[in-house]
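A.B. asks: Single-letter residue listing:
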Amino acid sequence: MSHTVLVCDDAIFMRTMISDILAQAGFEIIGEAETGREAVEKYRQLKPDLVTMDIVMPDMGGIEAVREICKGDPDAKVLMCSAMGQQALVVEAIQAGAKDFVVKPFQPSRVLEAVQRVIG
Amino acid sequence: MDLSRYAALFVTESREQLGACGQALLEWERRPTATEPVVTLFRAMHTFKGMAAAMGYANLTELAHRTETVLDLLRSDPSSGREIADLFFRIVDALEQGAGVAVDGGDPKLDFAPLLAELDEASVATAPTGSWAIPVAGAIPPVATPPVAASRLIQVVVAPGATMRGARAMLALRKAEAFGAVSALRPSLAALEQEEFDGRFSFQLAGSAAAAQILAAVRSAGDIVEASIDAAEAERVTEAAGRGRQIRIDLRRLDALMGHVGELVVARARLMELAETSPEPELRAVASRIARVTADLHGEVVQARMTPVWQVFDRFPRVVRDLARQLGKRVRFEVEGEETQLDRAILDDIGEPLIHLLRNAVDHGIELPAERARQGKPEEGQVRLSAASDRTTVLIRVSDDGRGVDRSKVLAEAVQAGLLPAEAGEVPDELLLRVLGRPGFTTAARLSDVSGRGMGMDAVISRLRGLGGVVEIETRMGQGTTFTLRLPMTLAIVRALVARVGDERYAIPLAGIAETVEFHPDRVAALEGREAFVLRERLIPTVRLRERLGVTGPRQPGRQPAVIMQVGERRVAVVVDALVGQQEIVVEPFDAPQGTLPVFSGATILGDGTPALIVDPAALV
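Here the protein sequences line up with chains D and V, keeping their order. Mapping of the first sequence onto this note's numbering: residues 1 to 120, in sequence order. Mapping of the second sequence onto this note's numbering: residues 121 to 741, in sequence order.
Hints are supplied without guarantee of correctness; some may be wrong.
[Claimed, not checked] As a list, the in silico SDA-like pairs of lysine to any residue whose alpha-carbon atoms are at most 25 Å apart:
1. V:Lys-295 - D:Glu-68
2. D:Lys-104 - V:Gly-281
3. V:Lys-295 - D:Leu-50
4. V:Lys-295 - D:Pro-74
5. D:Lys-104 - V:Phe-317
6. D:Lys-71 - V:Ala-298
7. D:Lys-104 - V:Arg-339
8. V:Lys-295 - D:Ser-109
9. D:Lys-104 - V:Val-381
10. D:Lys-104 - V:Ala-407
11. D:Lys-71 - V:Phe-299
12. D:Lys-104 - D:Arg-117
13. D:Lys-104 - V:Met-609
14. D:Lys-104 - V:Arg-320
15. V:Lys-295 - D:Gln-95
Bear in mind the hints are in silico, worked out from the structure with no lab data behind them. No experiment lies behind these values; they were computed from the predicted model shown.
Just chain V, with the same shape it has in the complex (with noise of 0.2 Å):
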């Protein structure tokens, strides 16, 4: 049998069961005493055992055995293997390089003989009695499967796409109450017909139906993306059920695939333009067709990228430990929402910019216990990531409790760039990011070598904006610090607005337009030594994007309109010369040539084939 055909997916797998290895050591050390952590270690080094065997990888299934075989000793009295909580991690790491070199270029030659030896150490060291024995192969005791309870709680999560969550919500209710009551509902039905809740609900259900039918029954619901009952049972159902309904796609295929559909919604449009000044009643019939079937498959693939955020989470745990460790910090580090779902697009993007948040959050504003001890806070600093989404958008924020940005820092480096004058006593917070954003500029006093290295601040910020996202920061001297990721759910294609200025057409994302009017010149005041429209008595601050794209040429005469752009509670009135119509446009994002004003967010090819910038939202208003 040729084995390369299944090295990707044993590679993927892989991953997986060993990310769970990880997941469930930094819980063991979270809980000690705990048994579950231990044995879904035990459960995940078990699988990759198997799969690592039957690639014919010896010593990855070795060590794996022997580990499994320490961990199996240890299920009985997890405490006791406290002190080579650090042997685990290690062995984890090295199975996991282990897998990616043995996939390369067959038999690994890692040698593990030094861990092993550790792990023999180790062994012995815990062996809850004084005399024990390895354990033959199959003789690991079956873990118990509970007695079926009379009430059993089940947990759904509605996919956070879906339109009306709260009645695709009611609709799994009903479907559960077919096999026993209801109740200890949560949240309230009250609070699910206002769709107050972020998709997840649970609920308590009587009776002895097959947990298999009742989840069955649950995910008939449509739009449902997890349903599980109690602990142990409900993981072996959703696993054989979520196996049969799920393939492996290789990622690269999906992005080719949403490359040609890209293409596809912009041939569209043209072909709409073409259709609609046509005489032909048949053309126009089929461009509608075809029109309809591309926003269906658009939908499709955008659904088919939506990944759920755990998938980069997932690493983030071991980053702020291992950092944390490092510094010589106590951090606890908290996540949530991580079934909360995002392009694969931006995913993979916000990897990098999130861990250096991450750092930023440990190194500059956890202090070190006793610097907590001193100021009355609890000597374990907080650090949290939490993901959550509406209809449209992604909210990810990392918050810490330690020490808040040093305004005064931070004052008189806005100073001296001049974005504040001299006298100035304080800086603004919308002026707080722009600074810390400056490229170069740090708050530590020294650069260290943790938050030191990789993106800067500037490069974090850039990087999502051009993905569309908005970044916000909160912070209070001695109390922490909140950054907040404001990320659209899906990237690729949008809505935009075309504008025309002198020779060239814009693109503005309709997500940051309130409406479009036409602009007076005869109504401006000054606001704040600004141009301001004065539009229904409230005064807006006028970009007259002529002149800061620097467009000479002469303008046609007639009528300017004017596009309200609003990010949060701002607004600005950007005037242009004219508006060309909406269409949906494929965001290529691009790194901006030196020089470029920052102002645009990346770039598109319009449904003739032209190409335009795309305006950024966030940097005019």
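For reference, chain D alone in the conformation it holds in the complex (with noise of 0.2 Å):
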């Protein structure tokens, strides 16, 4: 069976690229959300095997979603996307439990190996 992936980002082009990078590798994208509080509640709902995360969104930031859905399931298994030169941000997101991040621009290559690393 394949891994279940809930998508967070406010950019649908992001959205889009992601999702294509993981659906080609047979992963299957059960949601999307495009605010923090969104995908707390999409995560609760759904129960993903893996969430890939934005960490700037309107409406309660990637960071902020991190710790809320880690408290509720401390094994939530969180992607970090992040941009060049936000690395404390990273940082955070890393102390509020997120697992493994990628930085943008993807490598496909790269986003897997994350992926792999994080579903184990």
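With the hints as a guide, bring both chains together as one complex.
C.D. replies: Here is the structure:
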């Protein structure tokens, strides 16, 4: 059975790109979220195997969302999607419970490596 | 069983083991009473013996075995072997040579008898008690495993090319925390967050979880090139883990792969050009997909070619030691940053220039002990070789605390060569290298047979520039000299701006470009006798490429762009006819034909198949 993924990003472009990369690798995209709040709600609802999480989003940022998600499920597998120069934020997200990160611009191979590490 | 299939593997691996022997010997010389170097030497010799035996090389096996036996005796009292360190060096050399011969022509006919005799003599002399016996095979006492401590030191190295190494380190820390409390983090958390570290960090981990499990967890953070726990125990674990993860590839395969990828990258550029003007949406989609995959493939191949610099640095301690002995000098040689990674193609090419710089440091830099003492310096001179990387470049430094370059000699040469007016009182720093790099120039009073052979400083500099590197020198009379080489981490493919002058096109690596602006012929002024362009109230010397290259032919009327190139703090405005666009180019280093202007560092084939020369920013700025 393929792993299920929730993709969280406020940009449609990024969601599409991540979804494409993961779908081509055989993952099942079961949901998308545009805000941190939506991400937390959908996580509870859908119980995905993996979450990809943008850091900067309106209405609750990615770091806050990771904290909320991990509060309810400490084993949640959240992969942060960051841009260059956001290292301090990535570190904060890791402390909040994120399991790995990838840096834009995405190289599909790097994304899939990170996903494999998270899913284990 | 056909052993010849394993010959190549035997050569590489035995070289590694013998390299380890050489390292251990040097370490032993430095710390004659320490046990670890002897243990390491013993272990490497033992491994080599096993491999030689498996290949059926009887005399190599015997020499290794007899050496091992003597080493075993020395383990209890390492200092008693000080006298015979030289013999061990010769044995390691003989084994290395023997291994090569054995692989080429079956059984080596090398005669090891003299070495064996010396070993016999030495083993009598070094016997700790007076009565000793060669222990029977298998009687070697096992190295005691240290008891599991309450807290263990974990050392981790994040891959030099990785993005956000600080965050990666944090991730590894979190993984380790699952096994116990983390303390004594070096460097500090704040430094990690700001990525103010070279990729190495260490910490203490409490608890008694199995080392293999901890290391596997730490490695699972990704982009971790090294992780180790304490000493003895960890070594075995990483060795075992490393073996499972890696395969050996013939280097020529990797070179060929890179060559194909390079062609693919060039073809991709052409494909994208064609696709952009095509009305077929499907073609455009396929083209962009191919572009993405090509970029990924390129990234992977580059990564696969990254090699830690120790693979070249490892032979240097021996070079420095032998040379110092030969010259009657005392030199302490320190190496730092051996794990720094570089494209193998670059690494292969810097070995010889580096040896030249090191020889130079020992021969011309470091003074004889008596002279050093007279000047109040420690009798033992110091030569340091260090490597470090930031995002895209690797810095390699060779420094010594010797006498420094004699500026009066340089001045005389500079005046004679017309580089400076006769009344000039001193040589400015930026001219130093140009003078030192003149063919045939030497500051040595006599041409010694040491630094005199091999390549000259001019060749060193041009070789490094050919690799896209920049060379800097810092020198103080009586205090020493430091050469700094700034090299691209990877060669082969770089992004470049393509500019047109007359009918020719030239590629300018983006790394050397600060910006491009429009050139206004009415906005020029004179700066130290050169034409300078006024940009945002600053004067930038201009180079009109048309004139520099001697292009005649009419120029199309219209605006002229200027490319602002920057190396370090210095800038220059290069005026061209037109800018064609950006593209990735495959760098082919070339040996410039006689008479070529020293403005180019290489050549490339552009996307449409036409050749272009690559402008060397360092030569213009």
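A.B. asks: So, for every hint listed, does it hold in this structure?
C.D. replies: Checked hints:
| no. | hint | verdict |
| --- | --- | --- |
| 1 | V:Lys-295 - D:Glu-68 | 20 Å, holds |
| 2 | D:Lys-104 - V:Gly-281 | 15 Å, holds |
| 3 | V:Lys-295 - D:Leu-50 | 18 Å, holds |
| 4 | V:Lys-295 - D:Pro-74 | 14 Å, holds |
| 5 | D:Lys-104 - V:Phe-317 | 22 Å, holds |
| 6 | D:Lys-71 - V:Ala-298 | 17 Å, holds |
| 7 | D:Lys-104 - V:Arg-339 | 22 Å, holds |
| 8 | V:Lys-295 - D:Ser-109 | 23 Å, holds |
| 9 | D:Lys-104 - V:Val-381 | 23 Å, holds |
| 10 | D:Lys-104 - V:Ala-407 | 21 Å, holds |
| 11 | D:Lys-71 - V:Phe-299 | 21 Å, holds |
| 12 | D:Lys-104 - D:Arg-117 | 18 Å, holds |
| 13 | D:Lys-104 - V:Met-609 | 21 Å, holds |
| 14 | D:Lys-104 - V:Arg-320 | 24 Å, holds |
| 15 | V:Lys-295 - D:Gln-95 | 11 Å, holds |
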